[in-house]
Amino acid sequence: DAGVIQSPRHEVTEMGQEVTLRCKPISGHNSLFWYRQTMMRGLELLIYFNNNVPIDDSGMPEDRFSAKMPNASFSTLKIQPSEPRDSAVYFCAGERDGGTQYFGPGTRLTVL
Amino acid sequence: TQLLEQSPQFLSIQEGENLTVYCNSSSVFSSLQWYRQEPGEGPVLLVTVVTGGEVKKLKRLTFQFGDARKDSSLHITAAQPGDTGLYLCAGAMAYTGTASKLTFGTGTRLQVTL
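If you're matching them up, the sequences are chains A and B in order. Take 1 as the starting number for the first sequence in this note's numbering and just add one per residue. Take 1 as the starting number for the second sequence in this note's numbering and just add one per residue.
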C-alpha cells in the first residue's frame, strides 16, 4: 500500500488566489481527518469525515475554508480566497474503525 | 478548549544520555497517544496508553499515563541520533461511533548528537 497520498507537496500562491489540497486515504479507512500545523499553534484538527460525511467541522477557521469527500478514496480542502496567515503544513490522516490514524506527508502551503 | 502542554519545548542532548518529556493537561482523556514526526513527514504513532497508571515500553522508550489520565511522560534511555525528531502527545476523546478526536500537544523537538 502506498500510504496516504497528498498533493501537491508544496504550493506557493499569492494572496487572494484559490488553493485546493488533495488527499487519497489508505483503502478501507472510513474516517478521514484534515489537520493544519504551524509553529505558533501546533497541529490542529480542521475537519473530520466518517464514511464520506462531515461529522465535525468545528476546527475550520472560517468560511474561506471548505472540505469535501465525494467518495471513499478522495478528499479536498479548498481555501478561497487565500491569505498569508493560511500559510502552514496541511495534513490529512485516515483511520479504520477507531484504529491508528495514518498521516500523509503533508502539503506545505505558502501564501505570499 | 483542551490544551496539552509539553515540556521541554526543545532538547539537545548527546548520544547515550537519558531524557524525559512531559505532557500535561487539565482535562481527562479516554486515552493518550505519542507520535514522532520527522522533517517533511506526517506524525507516526508510537504508542497508545489507555488505563490510568499504565506503563508501556517500546525498546528504549518508556511511556506512562498518569493515574488521573490527565498527564503522561515519555522517557528515552541511552538516546541515539535516530531518536531525533518532534515528539507529540495527543489526547483522545471518542466521537459518537468509533473514531477519536485528537488534541495534540505543543510538541518537544529533540536533537541527539554524536
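Possibly wrong hints are sitting among the right ones.
As the list claims (entries may be wrong) - Okay, derived cross-link-like pairs now, PhoX-like style, lysine-lysine, Cα gap no bigger than 25 Å in a straight line:
(1) K78/A to K56/B
(2) K70/B to K68/A
(3) K56/B to K70/B
(4) K68/A to K24/A
(5) K101/B to K56/B
(6) K101/B to K24/A
Everything labelled a hint here was simulated from the structure, so no lab data went into it.
### Query
Tell me, which hint numbers fail for this structure?
1 and 2
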